[in-house]
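With this note's numbering as the guide, the letters of the sequence shown map in order to residues 1016 to 1167.
Worth flagging that the hints you see were computed from the coordinates, not collected in a lab.
For lysine-lysine, the following DSBU-like pairs were computed, each having C-alpha atoms within a straight-line distance of at most 35 Å: (1) 1089 / 1153; (2) 1152 / 1076; (3) 1089 / 1100; (4) 1048 / 1153; (5) 1153 / 1100; (6) 1076 / 1089; (7) 1152 / 1100; (8) 1076 / 1100; (9) 1100 / 1048; (10) 1048 / 1069; (11) 1076 / 1153; (12) 1076 / 1157; (13) 1157 / 1089; (14) 1069 / 1157; (15) 1069 / 1152; (16) 1100 / 1069; (17) 1153 / 1069; (18) 1048 / 1076; (19) 1069 / 1089; (20) 1152 / 1089; (21) 1100 / 1157.
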Amino acid sequence: MQLGKYFWIIVGFLCFCFFLIFYFFVGDPFSVKINFEGGPEVTASVADDLREMKQGLAGVKELSDNEGMLFVYKETQEEVNYWMKGMVIPIDIIWINENRVVGVIENIPVEFTEPLTIYTSSVPVDRVLEVRAGFAKKYGVKIGDRLDIQLQ
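Based on the sequences and whatever the hints tell you, model everything.
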């Protein structure tokens, strides 16, 4: 009986080790590659539930040019609102609908006092991409640009 107990402890430990190896060395299973038409490629973490969307990039201290966060809605939203609560770096917001850029807000500054500015989409969106401030200008991102979004 004692041998069986140790067997299951070892099996459990090995499963845990495989999980850690997969998670840290294979990569985040919830990220996507976004290719801008004739432009850069961005690797973005995906926020597709309320908890992840509320957290967003809050607390992130640095983003490279090719990193961001993609907020994915189950259905097209007529209007979405974003703010800079908990943010420590400035960002650009890129509004997306049906794999096309439908709006861009550049160089949104960090805010430390309330009330916080609310940034609202002026058109329906099904996704929102947050990237490092200056990205849209540097790469000439504009309304109408087509995106190719692929799971990693």
